[in-house]
Amino acid sequence: MLSKVFDLHLHPFSFRLSTNHQQLFAQLQQIYPTQILTPLDANHFIDFEVTFSRPNFAFSSALAFKLGDKHFRYAEKNALIPTFEWGLNWCVGNFQSRYLCIHAAVLEKNGFSVVLPAPPGSGKSTLCAMLMFAGWRLLSDEHCLIDINDGFITPCVRPISLKNHSIQVIKQLYPQSKIQHITPATHKGTIGYIPPSELSWQQYQTKVKPCLVIFPRYRKEQANLEFLKLYQHQYFMQLAENSFNYSVLGATGFEAMANFVANVQAFSITYNNGDQAISFIEDLCR
Amino acid sequence: MKSQCVLLFRDPEFYLQNSTLADWTSLVSEARQHALLGSIYFLLRDVNLLEQVPTAVLSHLTTGFHYAEKQKITLLKELLELESVFASVEFPCILVKGVGYRLAGLPFSRGRVFSDIDLLIPHDNFPQALSLLTDAGYLESGMSDYDRRYYIEWSHQHPPLTHFLRGSNIDLHHHIFPVSSTSGLAIKPIFENAIRLTGSSFSVPSTPFLFVHAAVHLFYQEETHKLVKDLCDLKQLYETCMQTYSTEQLFNAASDMHAEAAVFYALDTLRWLFYLKIDEDILTKLAKHSSTYRRWQMQFLLKHLLNKTTMSSFAHLAWFVRGHLLKMGVGTLIYHSMAKFWEYRKIRKMQSQEQKQIDDAARPPDAR
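Residue numbers (the numbering used here), protein chains in the order written: chain G, 1 to 286; chain Y, 1001 to 1368.
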């Protein structure tokens, strides 16, 4: 089958995608705007040339996501968009060290930034989506990219990935929100994607100065929000453990992380109400 | 020539002045695939051209630099562990290929990344070396019965050894070429001309022998996925060799190892691809041992592989068949090809199983 080739001009990395799946482009149009998702344009430098196709001579029809000859994974049945999005995460997390990359969401409002690092299941993406609906600009739901030259956070705007229970939570809180490509029965459960707000796309290349780090933990039984102010050595190590390439960057990574840690304040919060968490964060901005 | 890496290594300054954004896109993809990003970073830095590289491209070259620096530390740490393993042995232990270049201090090796440590041991001392490594925790990892048999019966090395805790890999060789071939390559001169590293149990081959080894590897290999990297390495290795050694010494190394033909094909290819000026006398002397057909065949296939022509799929297959024929003969090749076909199916199945295991481990508690 003939391959389709198109470009995804994300910031700070662009992707060229070659696929023999005829509907992929149309499906991606639901989560990426037309200035980002374009037909092949040879007049741009492309950071990552990926293929998402059924391999030649294969016995199954599963699409394989590959960067050059590096295999990431086969797409589970009907999990086309989630596998594609995970593939992009894999490229940014593993094949670049221009930025110190921490697994965290990043948002900004009035020049004040908040970084939300957390393991899966902690409510990071739900809180991230709620902040975006409260007028915060999304920089990323997945990758906090710290520029090793100037210490600023570079945006990597892409759809917010919601999992399982959080999809219902967001639907109830924001009935007008469009959750795209809700895909049940992936290995992470049900996945859905919220396209970034217009404001986020308008400023998708605007860096932000790091200000605040919040380690969120959603707890159903929690009555009121509780917080703990963290010491630098505590959140240094937590951020390092949540980083994809801290160890690869060696001394450069240590310096970038030390610089970052020295310029932010950090709290861990336990909450069961997103509005309380947002109020807590917005109070700190004042 | 469509291989952007070959074009850049041929003439970095010309490449920087004439390359388009589409060329840079292809270069970064190809260099990432062949683990050449770090090598290109150092190549351009040494001739003060890094500043002329487009910013977006430079960020990928810098990534290569970071990985190479990280691997330097990992490699040296692993070698310190190996020092204690081989501290009291009497036989020579030679570090070859990439690690050999690094430990020999060859400047072009600074950007390299390593997937394993290649160690060459005399055939008679092979069981002892294997026993020392096994006792130190370097063990054979999961491999099919067929692959294990392939290594032991037909190749020139033991199945790869992996440290049970650190995950570091060692390829233990007793020759530089498969024992099943009829090439008649002599291995003894590598041991006789090796240079002992100061304060170490290990030695490295002198640069002409490193070049002969790389030439043999290039000429007889059956894989295509590392061709560009091997060619760029070979070019830099030749230039480094010529800074210290004469063409006569290179010829003698080739002659001592009975590898004149492979060295001829290698030099001839470097002249053709990278426009290197190579002493005509050495080419004439080496050419006597070569075959016109083999020379044509190698260049024909390389041309299609590097230019990614419509015949490149055929060239991949032909290169695979050619490499195996040189290594193992027709009968063994047919048997090997059939076995590998079934292996491919198994690998596909294994990848799916591995993916499932990883997924199970990463499944969130509320996943439905």
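By construction, these hints were calculated from the structure, which means they are not laboratory data.
Think of the CB as a built atom: it goes at the ideal place given N, C-alpha and C, for glycine as much as any other residue.
Be careful, since some hints might not be right.
[Said to hold, decoys possible] Restraint ranges, calculated between C-beta atoms of paired labels, are given here: (1) Y:E1280 <-> G:L40: 23 to 33 Å; (2) G:L40 <-> Y:E1051: 24 to 34 Å; (3) G:Q180 <-> Y:K1346: 30 to 40 Å; (4) Y:K1303 <-> G:N149: 39 to 49 Å.
[Stated by the list, open to error] For lysine-lysine, the following DSS-like pairs were computed, each having C-alpha atoms within a straight-line distance of at most 30 Å: (5) G:K66 <-> Y:K1072; (6) G:K4 <-> G:K66; (7) G:K66 <-> Y:K1188; (8) Y:K1226 <-> G:K70; (9) Y:K1002 <-> G:K66; (10) Y:K1070 <-> G:K207; (11) G:K66 <-> Y:K1277; (12) Y:K1303 <-> G:K70.
Hint by hint, here is what the structure shows:
1. Checked against the hint of 23 to 33 Å, the C-beta distance between E1280 (chain Y) and L40 (chain G) comes to roughly 46 Å, which is inconsistent with it.
2. Range check, L40 (chain G) to E1051 (chain Y): Cβ separation about 30 Å, and the 24 to 34 Å hint holds.
3. Q180 (chain G) and K1346 (chain Y) have their C-beta atoms about 38 Å apart, which keeps the hinted 30 to 40 Å range intact.
4. Taken as a hint, the range 39 to 49 Å holds for the pair K1303 (chain Y) and N149 (chain G), whose Cβ atoms sit roughly 42 Å apart.
5. For a cut-off of 30 Å, the pair hint linking K66 (chain G) to K1072 (chain Y) stands: about 27 Å separates their Cα positions.
6. Taken as a hint, the K4 (chain G) and K66 (chain G) pair is honoured in the structure, with Cα atoms around 15 Å apart against an allowance of 30 Å.
7. Note on K66 (chain G) and K1188 (chain Y): the hinted pairing is violated, with a Cα-Cα distance of about 43 Å set against a maximum of 30 Å.
8. A threshold of 30 Å between alpha carbons decides the hint, and for K1226 (chain Y) with K70 (chain G) the separation of about 13 Å falls inside it, so the pair holds.
9. With a C-alpha separation of about 21 Å, the suggested pair K1002 (chain Y) and K66 (chain G) falls inside the 30 Å cut-off, and the hint holds.
10. Restraint check for K1070 (chain Y) and K207 (chain G): the C-alpha separation of about 28 Å stays at or below 30 Å, so the hint holds.
11. Simply put, K66 (chain G) and K1277 (chain Y) have alpha-carbon atoms about 39 Å apart, too far for the 30 Å limit, and the pair is violated.
12. Between the alpha carbons of K1303 (chain Y) and K70 (chain G) the distance comes to roughly 24 Å, so the proposed pair stays at or under 30 Å and holds.
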